[in-house]
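Chemist: Spelled out from the first residue to the last, the chains are:
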Amino acid sequence: MPNFIMSYLGSTVTPGEAGNQFWALVYVFIIFVGVAVAVLCMNWIERKALAHFQIRLGPMRVGPHGLMQPFADALKLMLKEDIIPAEADQFVFWIAPMIGLLAAFTVYTVIPFGPSQAVSDMNIGILFMLGVSSLGVLGIVVAGWASNSHYPLIGALRSSAQMVSYEVAMGLAIVSAILMTSMNASGTGTLSMIEIVRAQQQQHVWFIFKFFPLGLIAFAIFAIAMVAETNRAPFDLAEAESELTAGFHTEYSGLRWSLFMLAEYAAMIAVSSIAVTLWLGGWMRPFPNLLHASAWDFIFSLFPGLTFGGLAAIAFIGAARMPAHSFFRIQRIGLAVFAALLGFIALLLLVIAVAGRSADMSLAARFNEGIGYVFWFVSKVAVFMYLFIWYRATWPRYRFDQLMKIGWKVMLPISLGVLMVTAIVGVLVS
Amino acid sequence: MSPAINSAVSTINSGMAPVATPWFFYALAGLAVASGVAVITRRNAVHAALALIVTLLSVAGLYLMLYAPFVAGVQIIVYAGGIMVLFLFVIMLVNIERSSKERRFNRMWPVALAASCALMALFVSAFVKGRALFPDRMISLPESSNTQQIAAMLYGEVSKTGQYRMGQYTFAFEIASLLLLVAILGAVIMTKKKI
Numbered sequence: 000m001p002n003f004i005m006s007y008l009g010s011t012v013t014p015g016e017a018g019n020q021f022w023a024l025v026y027v028f029i030i031f032v033g034v035a036v037a038v039l040c041m042n043w044i045e046r047k048a049l050a051h052f053q054i055r056l057g058p059m060r061v062g063p064h065g066l067m068q069p070f071a072d073a074l075k076l077m078l079k080e081d082i083i084p085a086e087a088d089q090f091v092f093w094i095a096p097m098i099g100l101l102a103a104f105t106v107y108t109v110i111p112f113g114p115s116q117a118v119s120d121m122n123i124g125i126l127f128m129l130g131v132s133s134l135g136v137l138g139i140v141v142a143g144w145a146s147n148s149h150y151p152l153i154g155a156l157r158s159s160a161q162m163v164s165y166e167v168a169m170g171l172a173i174v175s176a177i178l179m180t181s182m183n184a185s186g187t188g189t190l191s192m193i194e195i196v197r198a199q200q201q202q203h204v205w206f207i208f209k210f211f212p213l214g215l216i217a218f219a220i221f222a223i224a225m226v227a228e229t230n231r232a233p234f235d236l237a238e239a240e241s242e243l244t245a246g247f248h249t250e251y252s253g254l255r256w257s258l259f260m261l262a263e264y265a266a267m268i269a270v271s272s273i274a275v276t277l278w279l280g281g282w283m284r285p286f287p288n289l290l291h292a293s294a295w296d297f298i299f300s301l302f303p304g305l306t307f308g309g310l311a312a313i314a315f316i317g318a319a320r321m322p323a324h325s326f327f328r329i330q331r332i333g334l335a336v337f338a339a340l341l342g343f344i345a346l347l348l349l350v351i352a353v354a355g356r357s358a359d360m361s362l363a364a365r366f367n368e369g370i371g372y373v374f375w376f377v378s379k380v381a382v383f384m385y386l387f388i389w390y391r392a393t394w395p396r397y398r399f400d401q402l403m404k405i406g407w408k409v410m411l412p413i414s415l416g417v418l419m420v421t422a423i424v425g426v427l428v429s
Numbered sequence: 000m001s002p003a004i005n006s007a008v009s010t011i012n013s014g015m016a017p018v019a020t021p022w023f024f025y026a027l028a029g030l031a032v033a034s035g036v037a038v039i040t041r042r043n044a045v046h047a048a049l050a051l052i053v054t055l056l057s058v059a060g061l062y063l064m065l066y067a068p069f070v071a072g073v074q075i076i077v078y079a080g081g082i083m084v085l086f087l088f089v090i091m092l093v094n095i096e097r098s099s100k101e102r103r104f105n106r107m108w109p110v111a112l113a114a115s116c117a118l119m120a121l122f123v124s125a126f127v128k129g130r131a132l133f134p135d136r137m138i139s140l141p142e143s144s145n146t147q148q149i150a151a152m153l154y155g156e157v158s159k160t161g162q163y164r165m166g167q168y169t170f171a172f173e174i175a176s177l178l179l180l181v182a183i184l185g186a187v188i189m190t191k192k193k194i
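Going down the list, the protein sequences come from chains X and H. With numbering that gives the first Met the number 0 as the guide, the letters of the first sequence map in order to residues 0 to 429. With numbering that gives the first Met the number 0 as the guide, the letters of the second sequence map in order to residues 0 to 194.
For the record, the hints were derived by calculation from the structure and aren't laboratory data. Since the model is a prediction, treat every value here as computed from it, not as a measurement. The beta-carbon is built from N, C-alpha and C at its ideal position, and this holds for glycine as well. There's no promise every hint is true.
To be verified - Distance condition first, Cα-Cα at most 25 Å in a straight line; then the derived PhoX-like pairs of lysine-lysine:
1) Lys-159/H <-> Lys-404/X
2) Lys-47/X <-> Lys-75/X
3) Lys-192/H <-> Lys-404/X
4) Lys-193/H <-> Lys-408/X
5) Lys-47/X <-> Lys-404/X
6) Lys-404/X <-> Lys-128/H
7) Lys-408/X <-> Lys-128/H
8) Lys-192/H <-> Lys-408/X
Unchecked claim - What follows is a set of in silico ranges between Cβ atoms, one per label pair, in the way DEER data are often shown:
9) Leu-179/H <-> Ile-313/X: 40 to 46 Å
10) Val-36/X <-> Leu-179/H: 41 to 47 Å
11) Ala-422/X <-> Gly-129/H: 56 to 62 Å
12) Trp-93/X <-> Ile-82/H: 20 to 26 Å
13) Asp-81/X <-> Arg-42/H: 24 to 30 Å
14) Ile-188/H <-> Ile-423/X: 31 to 37 Å
15) Val-27/X <-> Thr-169/H: 50 to 56 Å
16) Ala-354/X <-> Phe-172/H: 54 to 60 Å
17) Leu-121/H <-> Phe-31/X: 40 to 46 Å
What the hints assert, rightly or not - The following residues of chain H were derived to be distant from chain X, with all beta-carbon distances above 12 Å:
18) Ala-26
19) Leu-27
20) Ala-33
21) Pro-68
22) Phe-69
23) Gly-81
24) Ile-90
25) Met-91
26) Ala-114
27) Arg-130
28) Phe-170
29) Ile-188
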């Protein structure tokens, strides 16, 4: 058994492909914890960034600069009374948040954080992702219906109409990216997430720049449709607070409400991962073919450590700039400890980068490689997560007829056109 | 990578039994049947629709067990994701509570019973006589084959599905899409008063 567990450490395939259930479970656990932590961070960053966009301070009380605010919120939500309306359909009301959460988290099975850093590589990867993420709308629809109240029902109907409409344009944009995967030597396309990134590696181009501007247009269509798919501003009509109080989750409270939030943020990370995998080269670092000397490999492998080092420096500066008043002493100590923690992680990453710089495929080298893959993937996804906040701070909400008009009369024809032109150009080139 | 690790990985790659064990089949099939029964016994239309979603998803799982991942993916994306959302949408818009209390004027159950008995008979006869009727569809799997080898031999893989669809069965495929187009046109004509 130890051999069975240990043997995977040097493997170059995903646990699913190796048929190793133990490591598959470990990966599932890591991804679950990682996504939960990412959602907590996202919660804090969103509140802080929105506040600064609007020239406010945002959460400042719980922990230094409100760093402990997400934990306080989570604790509050868990302790809150769990209200089920008397007229609600008990069973469906109970199961609705779980449908959304299950759909959002099941998608992570096929997300490739690296060539072997995924739970499994499916033959139908992207199709599976699309299908399962489209199940998320069921949770919203069912929640709105089970609440047996007007606002949630209207919110649910709006969101189902919206998601069904934008799924079409989104699917067509994805198909045009999948067409591009067949432009390699073997001439066979693929739906597997890992193979899609490998295709970009082989063709020496991210698909966003392929057949310029076709890849860019398809990417833009997807980037708009994914905001609509996750019910985020400016397409957040399902939970338009000025019209529908809170839309489909008006009647939800406490832990169930937080499950909806968790599902929403997990779905945001998942769709961003699709965009990164299909158009932005997935786990690949910038210029893997142009700057491929081992010196460049070493320089790029320093990036994770330097990023954490930069964060630690910012935290240290924050601690140093705290007002010199006894009231801020605990906050200052807390921030300094947080900075020290970040600095320790940075040091650890730098040590791994230095120890694993040789290409002898030792365990340290493989570890270093894996950290690089995950780092570049996550930082690309992080850009999208920041964009989600930026959109929310910048644009007003669409009217429903405008939303439908954009979906059916603008996005759908453009994505169909891009698909056709991509196919024609692909045939002409090959 | 050290050679010892390498060989251990390769033994894992080749030696693992397929995940598709009978337990998965019985669980999925039982779930499909139980939720299928719930679809027709639930009075509440939304509950019935939810049960139908469970049926469709467990059938998708059965397709996966038959090494047909593409069919499973399409089953999820089209039926469970697309069509059932529209079903729920319609159920919520139409006032089901009133119409379910009214007495049904159509007595369809004898016909339905006969039709389902005929379908059952077809399935049973295919199960019993299938080997004799379609000998060219028999696939003999070697004893030591693993998941990847089996998947490569069957035609459930996406690339093979595409090749069949755009090669051997192009005509049937296009006819089916024409049928869908006619249905779409019919829906537009029925709902629009003025075209």
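Chemist: Look at each hint and say if it fits the structure.
Modeler: Quick rundown of the hints versus the structure:
This hinted pair does not check out: Lys-159/H and Lys-404/X have alpha carbons roughly 38 Å apart, beyond 25 Å. Of the pairs offered as hints, the one joining Lys-47/X and Lys-75/X holds, with about 19 Å between alpha carbons and a cut-off of 25 Å not exceeded. As the CA atoms of Lys-192/H and Lys-404/X are separated by approximately 21 Å, the hinted pair is consistent with the 25 Å bound. Proximity of Lys-193/H to Lys-408/X is assessed by CA-CA distance (about 20 Å); at most 25 Å being required, the pair is judged to hold.
For the hint pairing Lys-47/X with Lys-404/X, the CA-to-CA distance comes to about 33 Å; that exceeds 25 Å, so the pair is violated. For the hint pairing Lys-404/X with Lys-128/H, the CA-to-CA distance comes to about 55 Å; that exceeds 25 Å, so the pair is violated. Note on Lys-408/X and Lys-128/H: the hinted pairing is violated, with a Cα-Cα distance of about 53 Å set against a maximum of 25 Å. Simply put, Lys-192/H and Lys-408/X have alpha-carbon atoms about 21 Å apart, close enough for the 25 Å limit, and the pair holds.
For Leu-179/H and Ile-313/X, the hinted distance range of 40 to 46 Å is not satisfied, since their beta carbons lie about 56 Å from each other. A C-beta distance of roughly 45 Å is found between Val-36/X and Leu-179/H, which places it inside the suggested range of 41 to 47 Å. A hinted range of 56 to 62 Å is violated for the C-beta pair Ala-422/X and Gly-129/H, which are about 40 Å apart. The supplied range of 20 to 26 Å is met by Trp-93/X and Ile-82/H, whose beta-carbon atoms lie about 25 Å from each other.
Checked against the hint of 24 to 30 Å, the pair Asp-81/X and Arg-42/H passes, with Cβ atoms roughly 27 Å apart. For Ile-188/H and Ile-423/X, the Cβ-Cβ distance of about 32 Å falls inside the hinted range of 31 to 37 Å, so the restraint holds. At about 41 Å, the beta-carbon gap between Val-27/X and Thr-169/H misses the expected band of 50 to 56 Å. Between Ala-354/X and Phe-172/H, the C-beta spacing of about 56 Å keeps the proposed range 54 to 60 Å intact.
Taking 40 to 46 Å as the suggested C-beta distance range, the pair Leu-121/H and Phe-31/X conforms, at roughly 45 Å. Against the 12 Å criterion, Ala-26/H stays outside the reach of chain X, whose nearest CB is about 17 Å from its own CB. Under the 12 Å C-beta cut-off, the non-interface status given to Leu-27/H relative to chain X holds; the minimum distance is some 16 Å. Ala-33/H, annotated as away from the interface, keeps every beta carbon of chain X farther than 12 Å; the closest lies near 15 Å.
Under the 12 Å C-beta cut-off, the non-interface status given to Pro-68/H relative to chain X is violated; the minimum distance is some 4 Å. Its closest Cβ contact with chain X, about 6 Å, brings Phe-69/H to no more than 12 Å, contrary to its assignment away from the interface. Not every Cβ of chain X is farther than 12 Å from the Cβ of Gly-81/H; the closest lies at roughly 7 Å, contradicting the non-interface assignment. A Cβ of chain X approaches the Cβ of Ile-90/H within 12 Å, the least distance being about 8 Å, so the stated non-interface status is violated.
Not every CB of chain X lies more than 12 Å from the CB of Met-91/H, the least distance being 6 Å, so the non-interface label is violated. Against the 12 Å criterion, Ala-114/H stays outside the reach of chain X, whose nearest CB is about 29 Å from its own CB. For Arg-130/H, the non-interface assignment is confirmed: its Cβ lies about 28 Å from the closest Cβ of chain X, beyond the 12 Å cut-off. Every CB of chain X is more than 12 Å from the CB of Phe-170/H (nearest about 21 Å), matching its label as outside the interface.
Even its closest Cβ contact with chain X, about 19 Å, leaves Ile-188/H beyond 12 Å, as expected for a residue assigned away from the interface.
Hint compliance for this structure: hints 1, 5, 6, 7, 9, 11, 15, 21, 22, 23, 24, 25 are broken, all remaining hints hold.
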